[in-house]
Amino acid sequence: MIFSSLIFIYLFLPICLIGYAAAREMRLKNMVLIVFSLIFYAWGEPVRILLLLLSALLNYFFGIGVRKYKGNAAKAVLGVSLAYNLGMIGIFKYSGFLMENINAIFGSSFPVPQIAQLVGISFYTFQVMSYVVDCYWEKIDPQRSFTKFLLYVSLFPQLIAGPIVRYSTIAAEIDSRHTSLEDLSCGLTRFIIGLSKKVILADQLFRIVDDFLGGNPESLSVVGTWYGVIIYSLYIYFDFSGYSDMAIGLGRLFGFHFNENFNHPFLCKDITEFWQRWHISLGSFFRDYLLPLPIFGIRSKYLSLAAVWLCTGIWHGASWNYVIWGIYYGIFILLETRIGKKKMKAIPIWIRHIYNKIVIIIGFGIFYFEDTSQLLPFLKNLTLFNPNGFYGTMEQVSFCNNLFLIIAAIICTFPLLEIPKKIAANSQNAKITVSVLGTLTSAVLLITSSILLVDATTKAFLYYRF
Amino acid sequence: MNRAEIKNRLTEIFQDVFDDDDITLTDNTCADDIEDWDSLEHINLIGAVERAFKMRFTVREVSGMKNVGEMMDILEERGK
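Heads up: the sequence lines are chains A and B, in that order.
Be aware that the first sequence starts at 1, since it is given in our numbering, and climbs by one per residue.
Be aware that the second sequence starts at 1, since it is given in our numbering, and climbs by one per residue.
Looking at chain A on its own, in the form it has when it is part of the complex (with noise of 0.2 Å):
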């Protein structure tokens, strides 16, 4: 089941939302909580609820086992649960893309597996790794109740596609919360603003893309080419932050408060700063789990960002534009480290941005072609070197008949909502206003996304498939 659809818009959610309200104690709530996550994701595919479920109970008692046992027992326990964790995300994600390769490498024939996408998993499963490190590292107790461990596993508003939810940030929200009639508001709202980034914006962005990428690249004009990449950009970002908006209203909705997973990405100033500011979760993961590994025996910066940026990559899918484009991220945060950041300060700020979105956007093309011999004609269609021309119809025409929508998704990815917040702090009458128009906003943004949700065929979210 997806966040963007009505069946869980106004069916699954307000029955969710009634049941949970009325649980009075919190063990019970917490049962309506996993009753309704198991039942979001066994949706149309009830097998992969045994996976979930064998990974939340074998986590349940690594944890305890980490914390239960000393010095190598204890070190045998992670490894287990490591080898475990890794080994079930590398059968079920790339078991096909190794088999491929080694069948392409050394001219074998050997079958390659056909094991269907088990969705988000490389999201709990991360959500586990880092609960079973915590615990050996002794960040955080382990959780003695399965009920409630299942919960941190299962709890549906985060578990398909992030953010990557530490326990630490939930543990005592998971033994008590309360939710507040400003959670309920901020929540319902939040989830309004990334409903309407995904069905408005994303959506119909993605038609635009579809027309360029998805059809038949290789003859666009360099104009072309870079407008359906840019569109692309835009899209992943209001696809994605959408999702997470979602995500992080809806556990707010039941008292949960969740780290944020996008912070205006596009504001950068350098690719550093973006990847601050974009998937941040995954990024704190990779910073606190696989930077302070020594790599081959020796702590060294460079073998580390290796070691980050490959994973990065190859986190994302089972195909080579991905690992592609984790090393070109991790080139150009190799060049800006080189550089150093007081260097990197005395540039210009406008040169600054330019190379950024230069960057970013043409790392998305790279994201976008898992075909990866489209790849070339792709960059290469970038540049004056394009043999069908500067400028072509085609995109003059889509721009048109797009405009408002392309100007309305470049506005919303500054921060606006800061507006409406600096004008509430100045009197209780400011406050009032904002309140009923954000409210009266609120409404006309759900209204017309569930307008174009009747009459669409909905799109899961890109991030699913990660």
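Everything labelled a hint here was simulated from the structure, so no lab data went into it.
The C-beta atom is built at its ideal place from N, Cα and C for all residues, glycine as well.
Errors might be hidden in some of the hints.
[Unchecked claim] Taking CB as the label site, the calculated pair distances span:
1) A:Thr147 - B:Asp22: 24 to 34 Å
2) B:Gly69 - A:Ala443: 50 to 60 Å
3) B:Asp21 - A:Phe404: 24 to 34 Å
4) B:Lys66 - A:Phe146: 28 to 38 Å
5) A:Pro348 - B:Met55: 39 to 49 Å
6) B:Asn2 - A:Asp141: 32 to 42 Å
7) A:Ala76 - B:Met55: 20 to 30 Å
8) B:Met55 - A:Leu11: 34 to 44 Å
[Unchecked claim] 25 Å max Cα-Cα, derived DSS-like pairs, lysine-lysine:
9) A:Lys343 - A:Lys431
10) A:Lys269 - A:Lys148
11) A:Lys75 - B:Lys54
12) A:Lys380 - A:Lys357
13) A:Lys345 - A:Lys269
14) A:Lys357 - A:Lys342
15) A:Lys357 - A:Lys345
16) B:Lys54 - A:Lys342
17) B:Lys66 - A:Lys139
18) A:Lys341 - B:Lys54
19) A:Lys75 - B:Lys66
20) A:Lys431 - A:Lys421
The hints should help you fit chain B onto chain A, whose structure is shown.
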């Protein structure tokens, strides 16, 4: 090596890694106080400290260190 000697040695390493001779350390010095001390430079710093003191920090220590005081605590403990 006593705590004062550790601090002096660490100061030299910090000055070298961050290329800034004006760095002075206290127990409370943390990443917020030194502009270039980010998560990546932290790894280089750790590597330089390990080489200078001929010891190895655990992954947990590298990840969990909050300030120079905690780093000195670990070095002092290992030096016993």
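Tested hints:
Checked against the given bound of 24 to 34 Å, the beta carbons of A:Thr147 and B:Asp22, roughly 55 Å apart, lie outside it. Under the hint 50 to 60 Å, the C-beta atoms of B:Gly69 and A:Ala443, about 53 Å apart, fit the expected range. Distance hint for B:Asp21 and A:Phe404: a CB-CB separation of about 57 Å, inconsistent with the stated range 24 to 34 Å. Remark: the range hint 28 to 38 Å for B:Lys66 to A:Phe146 is upheld by a beta-carbon distance near 33 Å.
At roughly 45 Å, the beta carbons of A:Pro348 and B:Met55 sit within the given window of 39 to 49 Å. Look at B:Asn2 against A:Asp141: about 35 Å separates their beta carbons, and that is inside 32 to 42 Å. In this structure the hint that A:Ala76 and B:Met55 lie 20 to 30 Å apart at CB holds, the actual value being about 24 Å. In this structure the hint that B:Met55 and A:Leu11 lie 34 to 44 Å apart at CB is violated, the actual value being about 60 Å.
Distance check on the hinted pair: A:Lys343 and A:Lys431 sit about 43 Å apart at the alpha-carbon level, beyond 25 Å; violated. Taken as a hint, the A:Lys269 and A:Lys148 pair is broken in the structure, with Cα atoms around 41 Å apart against an allowance of 25 Å. For a cut-off of 25 Å, the pair hint linking A:Lys75 to B:Lys54 stands: about 24 Å separates their Cα positions. Annotation: proposed proximity of A:Lys380 to A:Lys357 holds, straight-line Cα distance about 18 Å (limit 25 Å).
Between A:Lys345 and A:Lys269 the CA atoms are separated by roughly 9 Å; this keeps the pair inside 25 Å, and the hint holds. For a cut-off of 25 Å, the pair hint linking A:Lys357 to A:Lys342 stands: about 20 Å separates their Cα positions. Of the pairs offered as hints, the one joining A:Lys357 and A:Lys345 holds, with about 16 Å between alpha carbons and a cut-off of 25 Å not exceeded. Taken as a hint, the B:Lys54 and A:Lys342 pair is broken in the structure, with Cα atoms around 31 Å apart against an allowance of 25 Å.
A C-alpha spacing of about 13 Å is found between B:Lys66 and A:Lys139, which places the hinted pair at or below 25 Å, so the restraint holds. In summary, the hint linking A:Lys341 to B:Lys54 is not supported, as the alpha carbons are separated by about 30 Å, beyond the 25 Å threshold. At roughly 24 Å between alpha-carbon atoms, A:Lys75 and B:Lys66 fall within 25 Å of each other, so this suggested pair holds. Between A:Lys431 and A:Lys421 the alpha-carbon distance is near 8 Å, which keeps this suggested pair within the 25 Å criterion.
The structure is inconsistent with the numbered hints 1, 3, 8, 9, 10, 16 and 18, although it conforms to all the rest.
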